[in-house]
Every structure is written in structure tokens, then in C-alpha cells.
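Next come the chains, spelled out residue by residue.
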Amino acid sequence: MTRRRLRVICAAVLCAIFGVGLFASTVSPYSYARQFRERPNAAPSASHLLGTDSLGRDLFARLVYGTRVSLLLAPAAALLATLIAGVFGGLAGLVGGWCEKLVLAAADLSMALPLLFVLLALRAVLPLDISPILSVIATFVLLGLLGWPSSLRVVWATTRNLRNSDFLLLARATGCGRWRMIVRHVFPNLRPVLFAQFWISIPLFVLTEATLSMLGLGVMEPLPSWGNLLRGLEDISAVSANLWRLAPLILLVLVVICFQLILPAQEETA
Amino acid sequence: MTSSAPLLSARLSVDYRNKPGVLRNIVVEIHRGEIVGLVGESGSGKSTLALALLQLLQLKGAKVQGEVIFQDEDLLHKSESQLRAMRGRQMSVVLQSPLTSLNPALRVGTQLKEAWRAHVKGTKEECLSAIRTALNSVSLPDDDEFLRRRPSQLSVGQGQRVIIAMAILHRPALLIADEATSALDTITQSEILSLFARLNRDLDMAILYISHDLLSVAALCHRVAILRDGEIVECDSPDVIFDAPRHPYTQRLIAALPGACFGKTLSRPLEILS
Numbered sequence: 296m297t298r299r300r301l302r303v304i305c306a307a308v309l310c311a312i313f314g315v316g317l318f319a320s321t322v323s324p325y326s327y328a329r330q331f332r333e334r335p336n337a338a339p340s341a342s343h344l345l346g347t348d349s350l351g352r353d354l355f356a357r358l359v360y361g362t363r364v365s366l367l368l369a370p371a372a373a374l375l376a377t378l379i380a381g382v383f384g385g386l387a388g389l390v391g392g393w394c395e396k397l398v399l400a401a402a403d404l405s406m407a408l409p410l411l412f413v414l415l416a417l418r419a420v421l422p423l424d425i426s427p428i429l430s431v432i433a434t435f436v437l438l439g440l441l442g443w444p445s446s447l448r449v450v451w452a453t454t455r456n457l458r459n460s461d462f463l464l465l466a467r468a469t470g471c472g473r474w475r476m477i478v479r480h481v482f483p484n485l486r487p488v489l490f491a492q493f494w495i496s497i498p499l500f501v502l503t504e505a506t507l508s509m510l511g512l513g514v515m516e517p518l519p520s521w522g523n524l525l526r527g528l529e530d531i532s533a534v535s536a537n538l539w540r541l542a543p544l545i546l547l548v549l550v551v552i553c554f555q556l557i558l559p560a561q562e563e564t565a
Numbered sequence: 002m003t004s005s006a007p008l009l010s011a012r013l014s015v016d017y018r019n020k021p022g023v024l025r026n027i028v029v030e031i032h033r034g035e036i037v038g039l040v041g042e043s044g045s046g047k048s049t050l051a052l053a054l055l056q057l058l059q060l061k062g063a064k065v066q067g068e069v070i071f072q073d074e075d076l077l078h079k080s081e082s083q084l085r086a087m088r089g090r091q092m093s094v095v096l097q098s099p100l101t102s103l104n105p106a107l108r109v110g111t112q113l114k115e116a117w118r119a120h121v122k123g124t125k126e127e128c129l130s131a132i133r134t135a136l137n138s139v140s141l142p143d144d145d146e147f148l149r150r151r152p153s154q155l156s157v158g159q160g161q162r163v164i165i166a167m168a169i170l171h172r173p174a175l176l177i178a179d180e181a182t183s184a185l186d187t188i189t190q191s192e193i194l195s196l197f198a199r200l201n202r203d204l205d206m207a208i209l210y211i212s213h214d215l216l217s218v219a220a221l222c223h224r225v226a227i228l229r230d231g232e233i234v235e236c237d238s239p240d241v242i243f244d245a246p247r248h249p250y251t252q253r254l255i256a257a258l259p260g261a262c263f264g265k266t267l268s269r270p271l272e273i274l275s
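Taken in order, these protein sequences are the chains called U and C. The first sequence begins at 296 in the working numbering and counts up by one. The second sequence begins at 2 in the working numbering and counts up by one.
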């Protein structure tokens, strides 16, 4: 199978999963919070495609709504992180001097701290009894605010190369103003780098959210996310009784693989 | 060709933070409609001088001292916004490599449009008309297909012509050609030299032609300055430089040329291009 065909398949899979998440209310017959108290831990059936959890909630509905939470907010967090990286990395690369030193020192300091532990510490500072919606926002804003350093390094290195390029020198020599040069000459060259950083941040944030939620510090119940759905896997007996409970894990792995495979290889972009 | 008040009169020294004395008390004078050649080996400071005249060296952390009188104004005392208004409009530059001088992410038309919009806030039609005129001046096609091309779709010669078109878009009084033909093959090089001669003749554009290629300098320039280790060691007409060089370094340069190329062929160099 050619690499191109593989990318098309991955894109189709991602589009399908995004579509399901986006139209969760149409795809799923039930709400994610609706309980069928008389049917806890039910096996898959026509009325409950993946069965139910210990509280009698439809697992398919929770998976579909969880997909919405994970797959719509991870790109939002990735966008925030890429914006921060783009603005500060670009600024450091273009301006140089003390500004560059300051920004790089901040990035290095952030990279020296393990992201997950910082997230755990910051999330722990926030009250645990906040509303589910607030927990979603807090989780992804934190991800966005903390996930920029590696992207910033890449953006900075690219911008620094651009700063010394002949075409920017020529743009200056033709009388191009500073802002126009950034918008019309620098940004078009940074765009592929920013897009790549945005794209590779999404699966990273999906996984980080899953880890946080598994630990009970991410998206709060009853709102589902892939992370808190994975918490259901703690109950081995329930998993062995209903292997469809592995669906969130399979979906998570599938999405991460698709995100990685869809990016063009470096030699193809050269 | 020459008038009493020079178009550009510069006397300057340039020091980099880690390399002082890159240019030492250089004196350059260029009159309207004159082509001055600047010859020197690699690392002698030719490109530094070009950027110093455009006041673009400060961005590289260099210290420029002296004066650069251009159209009766000292550029060293101008603000960045005043310099920006002058660059590209009254003084332009053509850099050595078209492959790196054109923005790889922008189409040819966009790059030319940007160069025009840097100084004129006209309509789209006026912009396109100016771009087409500039492209015609450098013998390039001016159709939409060409304007939509990216730099990677141009030959080296076409790329260099696009850069020259950008440089002459606003009909500057002075064009600095920094090793503009060094990356080109012999035929393209000769075409570009003819183009410079034509621009000089038709637009009365003064040209500072920087090169390490003595043959092209001999073919194009009215006066030639020899730069060595940051100092101009000799400056005279091509006839004197090539037939009776005074400075030992110039003599060595001339002696290093293939003997067969010299003699009467280059004694009236401009005739080659006319």
C-alpha cells in the first residue's frame, strides 16, 4: 500500500470519528448520563450496542459523547499551544537579543519540568467539585497553556533561519515594513511548521487528557471523555465479561496512529 | 553621463562586533547614469559595502561610521521609516542567488506586488500594469501563468530577472547589483549584463556592479574600483585598470586573467554590449 493511500485511509477514518463525535446527539439513541438502573453491566445487545457500565449507562452513548469531548477539545488545546508557540517563538526568532534569551529560557524551564506532574499539581490546586463543563475547560486550557515549549523551539529555529534568509533581506531592501514583512513574508514560510506542530500536538493532548482523566483529575463525571471511559477498564471482571468495554482504548490507539500516519514524511515535504 | 554633484557619495568604515575593520575608510562616488564596478576577492567586503549603502548592516549587528550622502541627504542620519521609504524606491539591490533571494512560499506575482505595495497605495490595475512593465523591461513573460509560478518553477536566469524586475519596479536612481551574475551560466550572464547596460541607457539608472569577475566588469562599467581587505586600492576607468594598473594587487588580478581574453577586445568594453 502506498504511503499516499494509507494517508487517505487515515484521513477517512479520522473524518468518520470526528463526524460521529460532532453529531453525537444524532448518532447516539441515548444521552450519555441516562441510567438504565435495571440493567447495570449489561452485555452488548440491540438496545445497547456496547452494553452498559456499572451505573447502567449506555457505553456506546458515552463513547460517542466522549469522542466529542476528546476530539473537539484536543484540537482547541493544540491551537492554543501552537498560537503561544507561534507568537513567542516567532518573536524570539525574529527579534533576537534579550527577548530571544528570555523566551528560550522560559521554554527550557518549562521543558525541564515533566508536563504530567505539572498538570497534576495545577489540576490538584483547582477544586475537585467543579462542574463537568468547567473541568473540561480547565483540563484543555491547562494542556494548551503548558504544551507549547517543544513547538516553540521548532518555531524559533525556523524563524531564526528565516531571519537570516536572503529573501527577507531583499524584502527589507525593497522597503517592506516590519509588520508587512512578518505577515506577507515570514508567516507563509512558517505556516507548514505551525500546522505540523498543531497536528502532532493533537494526539499528544488526547493522550494527556486520557491520562489525567484516568487519574480522576481530567474531565469530571458524568461528562464522558476517552480518559474517564478508560477508568472502566480497572474492573477486570467486567472487561473480561464484555470485551467491547475496550472500545475507548481501541479508538484512542486508532486515532493516535491515524494522526501520526497522516502527516507527510519529511522527505515528501522537502 | 556625469554631472558635478554625485548621486551617491559615501565615505565609511564598518566594524562587526567580532570582526573590526571589515571596511576601512572606503570612498565611493557614483554619478547619475554611471556604472561603477567594484571588484575584489571573496571576503574583501564587497557585499558589506552594498548593505552598508542601503543601511541594512545594522540588522546584522555591524557598526557603520562615516557618511553616505545619497541625493544630497546623509542616510546615516535618517530614521528607519525614512530609510524604508528610500529603499527599493530610490536605491535598489539585486542579490547574488535568485534561488535564495526569492521567497519560496510566494508566487512571482505576489513578490512583485509586495515590492510595489511597499511604496505605492494604488489600485490593483495600476499595480499589475507596473509589474507587467517591469517584467517586459527584463524580457520576461507578463502573462498570468508566469505570475502564478513559484520560484521553484523558474530557471536561475528567470529568477535573476524577476529580482531585477523587483529592483527596477520603482525606477530607482541607483541599482546595486551584488554579484548578480556570479551564479549564472555564461550565456545567461551575458544576457543579464546586456540588460543592465540597457537599463542604464534607457532609464539613466546608475549601477554599482559588484563582482569578482573582471571580464564582466570590463564589459559593463564606466569606472572600476578595486577592493582589497576592506580598502579601495585603486579606482579608475576600465582602460586604465586593465591596460595600466598601478597598484600591485590590481596588477596581480589582471595578471591572473587568461591572457587570451585581453588586448584590444576589452579596450572599449561597452561596445560589446551596445
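These are computed hints drawn from the structure, not numbers from a lab. Quick reminder that beta carbons are idealized off the backbone N, C-alpha and C, glycines included. A hint or two may mislead.
[Said to hold, decoys possible] Simulated coverage check for chain C against chain U, where a stretch passes if three residues somewhere in it have a Cβ under 8 Å from a Cβ of chain U:
#1 54-63
#2 88-95
#3 104-111
#4 115-128
[As the list claims (entries may be wrong)] Far from chain C, some chain U residues (derived; all Cβ distances over 10 Å):
#5 386
#6 461
#7 462
#8 465
#9 470
#10 495
[Unchecked claim] Some chain C residues judged to face chain U by a derived CB distance under 8 Å, without partners named:
#11 83
#12 85
#13 98
#14 258
- Proposed interface contact between residue 83 of chain C and chain U, which counts if any beta carbon pair is under 8 Å: Hint on residue 83 of chain C: violated, closest Cβ of chain U at ~11 Å, above 8 Å.
- Since residue 462 of chain U was said not to touch the interface, does its Cβ keep a gap of more than 10 Å from each Cβ of chain C? 4 Å, violated
- Query: Any CB of chain U closer than 8 Å to the CB of residue 258 of chain C?
  - Reply: Hint on residue 258 of chain C: violated, closest Cβ of chain U at ~29 Å, above 8 Å.
- Decide, holds or violated, for the assertion that all CB atoms of chain C are farther than 10 Å from the CB of residue 465 of chain U. 5 Å, violated
- Residue count check for the region 54-63 of chain C against chain U: does it reach three with CB-CB under 8 Å? holds (count 3)
- Beyond 10 Å from every chain C Cβ: check whether that's true for residue 461 of chain U. 4 Å, violated
- Are there three or more residues in the region 115-128 of chain C whose C-beta lies within less than 8 Å of some C-beta in chain U? Holds: 5 residues of the region 115-128 of chain C have a Cβ under 8 Å from chain U.
- Message: Please check whether the beta-carbon of residue 470 of chain U is more than 10 Å away from every beta-carbon in chain C.
- Response: Given that some Cβ of chain C is not farther than 10 Å from that of residue 470 of chain U, nearest at about 4 Å, it is violated.
- Task: Determine whether the non-interface label on residue 495 of chain U survives the test: each CB of chain C must be over 10 Å from its CB.
- Result: 21 Å, holds
- State whether the coverage of the region 88-95 of chain C by chain U holds or is violated, taking the criterion as 3 or more residues with Cβ-Cβ distances under 8 Å. holds (count 5)
- Message: Quick check on the hint: residue 85 of chain C CB to chain U CB, less than 8 Å?
- Response: Holds, about 5 Å.
- Item | Assertion that residue 386 of chain U lies farther than 10 Å from chain C (Cβ) | Non-interface label stands for residue 386 of chain U: nearest chain C Cβ at 16 Å, farther than 10 Å.
The structure fails hints 6, 7, 8, 9, 11 and 14 (numbered hints given earlier, in ascending order).
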